[in-house]
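Whole structure, please, built from the sequences with the hints as guidance.
Protein chains: 2
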Amino acid sequence: MSGKLYGVGVGPGAPDLITLRAWRLITGAQVIAYPAPDSGQSFARSIVAGCLRKDQIEIPIVVPMRVERFPAAQVYDEASENIVAHLDAGRDVIVLCEGDPFFYGSFMYVYERLSDKYDCEVVPGVSSIMTGAAVSGIPLAARNDVLTILPGPLPDDELTERINATDALVIMKVGRHLKRIRDLLNELNLLDKAIYLERVSLGEQRTMPLADMTDESAPYFSMITIYKGAEPWIDTAKMNVTNHD
Amino acid sequence: MSGKLYGVGVGPGAPDLITLRAWRLITGAQVIAYPAPDSGQSFARSIVAGCLRKDQIEIPIVVPMRVERFPAAQVYDEASENIVAHLDAGRDVIVLCEGDPFFYGSFMYVYERLSDKYDCEVVPGVSSIMTGAAVSGIPLAARNDVLTILPGPLPDDELTERINATDALVIMKVGRHLKRIRDLLNELNLLDKAIYLERVSLGEQRTMPLADMTDESAPYFSMITIYKGAEPWIDTAKMNVTNHD
Numbered sequence: 001m002s003g004k005l006y007g008v009g010v011g012p013g014a015p016d017l018i019t020l021r022a023w024r025l026i027t028g029a030q031v032i033a034y035p036a037p038d039s040g041q042s043f044a045r046s047i048v049a050g051c052l053r054k055d056q057i058e059i060p061i062v063v064p065m066r067v068e069r070f071p072a073a074q075v076y077d078e079a080s081e082n083i084v085a086h087l088d089a090g091r092d093v094i095v096l097c098e099g100d101p102f103f104y105g106s107f108m109y110v111y112e113r114l115s116d117k118y119d120c121e122v123v124p125g126v127s128s129i130m131t132g133a134a135v136s137g138i139p140l141a142a143r144n145d146v147l148t149i150l151p152g153p154l155p156d157d158e159l160t161e162r163i164n165a166t167d168a169l170v171i172m173k174v175g176r177h178l179k180r181i182r183d184l185l186n187e188l189n190l191l192d193k194a195i196y197l198e199r200v201s202l203g204e205q206r207t208m209p210l211a212d213m214t215d216e217s218a219p220y221f222s223m224i225t226i227y228k229g230a231e232p233w234i235d236t237a238k239m240n241v242t243n244h245d
Numbered sequence: 001m002s003g004k005l006y007g008v009g010v011g012p013g014a015p016d017l018i019t020l021r022a023w024r025l026i027t028g029a030q031v032i033a034y035p036a037p038d039s040g041q042s043f044a045r046s047i048v049a050g051c052l053r054k055d056q057i058e059i060p061i062v063v064p065m066r067v068e069r070f071p072a073a074q075v076y077d078e079a080s081e082n083i084v085a086h087l088d089a090g091r092d093v094i095v096l097c098e099g100d101p102f103f104y105g106s107f108m109y110v111y112e113r114l115s116d117k118y119d120c121e122v123v124p125g126v127s128s129i130m131t132g133a134a135v136s137g138i139p140l141a142a143r144n145d146v147l148t149i150l151p152g153p154l155p156d157d158e159l160t161e162r163i164n165a166t167d168a169l170v171i172m173k174v175g176r177h178l179k180r181i182r183d184l185l186n187e188l189n190l191l192d193k194a195i196y197l198e199r200v201s202l203g204e205q206r207t208m209p210l211a212d213m214t215d216e217s218a219p220y221f222s223m224i225t226i227y228k229g230a231e232p233w234i235d236t237a238k239m240n241v242t243n244h245d
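Taken in order, these protein sequences are the chains called S and R.
Numbered according to UniProt numbering, the first sequence spans residues 1 to 245.
Numbered according to UniProt numbering, the second sequence spans residues 1 to 245.
Among the hints, erroneous ones may be present.
Copies of the same chain are indistinguishable here, so a pair counts whether it falls within one copy or spans any two.
Here are the simulated DSSO-like cross-link-like pairs (lysine-lysine), alpha carbons at most 27 Å apart as the crow flies [stated by the list, open to error]:
#1 Lys228 / Lys193
#2 Lys193 / Lys117
#3 Lys117 / Lys4
For the record, the hints were derived by calculation from the structure and aren't laboratory data.
These numbers come from a predicted model, not from an experiment.
Spelled out as structure tokens, the structure:
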């Protein structure tokens with residue numbers, strides 16, 4: 001009998017923001033796969049490093065970190081073959097995913113290759129967007145607000161139209177688009193409502209009004225949030241600022 | 001010294017989809033508050049019932065369950081006074097919130113009243129939207145998709161415009177708007193891509209193509225998702241259907 005494939009969201013970064021279900025699956029796993037950069041540590045693995053045992057088989061899925069470029073299909077083809085060997089041998093395989101597996105998550109590239117042939121379960125995780133709201137003290141959305149999630153690489157005209165049309169928004173994958181997006185929000189008179197967030201929930205987290213974030217670019221795991229709502233208690237200027245740089 | 005106020009997301013419903021942080025805070029708490037209906041059990045409390053002890057002080061925040069009506073400010077004024085008495089006595093107070101506190105969460109009504117005067121921490125939770133994607137096997141968003149979160153009570157013309165303009169969407173708070181929204185999606189030729197989800201992650205969860213959900217109305221904790229993406233592996237017709245009715 002084949003093993004089962006699990007896509008497990010491990011949350012935004014803090015080890016105690018994984019779920020009890022993720023913890024149970026990871027501590028009990030025989031085989032654990034995770035995305036890893038070509039140099040340096042796997043972020044997903046680092047979140048759960050405290051749960052791992054030496055007798056577990058680890059499968060790093062080494063994804064070249066070229067910015068904004070979809071990683072070669074070959075990487076996921078090879079990783080999937082590796083995972084399949086374990087599934088066929090009757091071993092369950094846990095694939096770790098930063099945040100949530102089905103919210104812009106890398107697990108989808110494994111899922112699309114294997115979910116037709118193997119029993120598969122997705123374990124949702126705490127997303128960086130909810131964590132960003134929690135650490136900044138400013139909600140994502142309330143009551144009948146419309147919330148729009150926008151990838152930062154979208155062109156200016158599309159961003160402009162969608163930003164103007166919504167009550168609240170999160171711009172994901174800010175990265176090298178930081179300066180362009182900041183300039184755009186300034187033109188749209190929204191800079192004073194925009195929050196910059198980086199590596200939320202981690203020790204090196206940075207949160208600040210976007211106007212104060214003057215770098216040209218940002219890490220991949222960064223985002224910008226805007227809540228346009230008229231709630232009187234929401235005051236961007238009073239937000240908690242953390243900056244460990 | 002005053003106690004600290006915590007807004008703790010307890011996730012979509014399954015007791016093991018709370019975070020380790022939530023578990024630690026709840027099991028260690030002296031005082032726990034939660035929204036409760038005027039008759040029947042508190043959903044938020046039921047999620048963590050297995051963690052509670054008899055010596056903990058519980059504060060039900062009884063919110064009359066009139067559909068779509070914002071509960072009287074008086075309920076939260078009184079609950080906040082009750083919470084303040086404990087904070088002033090130096091006791092921390094945990095306020096439970098279904099899903100995530102800052103994603104359409106009821107905790108905001110306590111937060112807006114007390115966050116200026118007391119030390120406050122928000123603990124993010126697993127959201128029903130990520131859980132809905134996990135249980136249906138269909139992603140929320142990938143790559144450069146735009147994802148729009150829409151409250152079901154919005155009028156038809158606004159829903160139409162926003163549904164047409166996005167790559168992926170979740171309609172929250174479907175409730176008594178079910179039939180209207182289903183008719184609208186049918187007119188927009190999107191019914192075959194729409195998923196209906198109810199009480200995700202719980203034993204009584206229901207997930208099915210919206211076309212198969214012929215009821216006139218739905219519970220408050222229900223949603224509709226549409227992923228328009230052209231990923232060949234996404235096939236609404238093949239989705240797992242659970243229906244415990």
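Consistency of the hints with the structure:
Proximity of Lys228 and Lys193 under a CA criterion of 27 Å is satisfied intra-copy only: 7 Å inside one chain copy versus 31 Å between copies. Taking the closest pair of Cα atoms, Lys193 and Lys117 come within 27 Å of each other only across two copies (23 Å); inside a single copy the shortest separation is 47 Å, beyond that limit. Proximity of Lys117 and Lys4 under a CA criterion of 27 Å is satisfied intra-copy only: 10 Å inside one chain copy versus 50 Å between copies.
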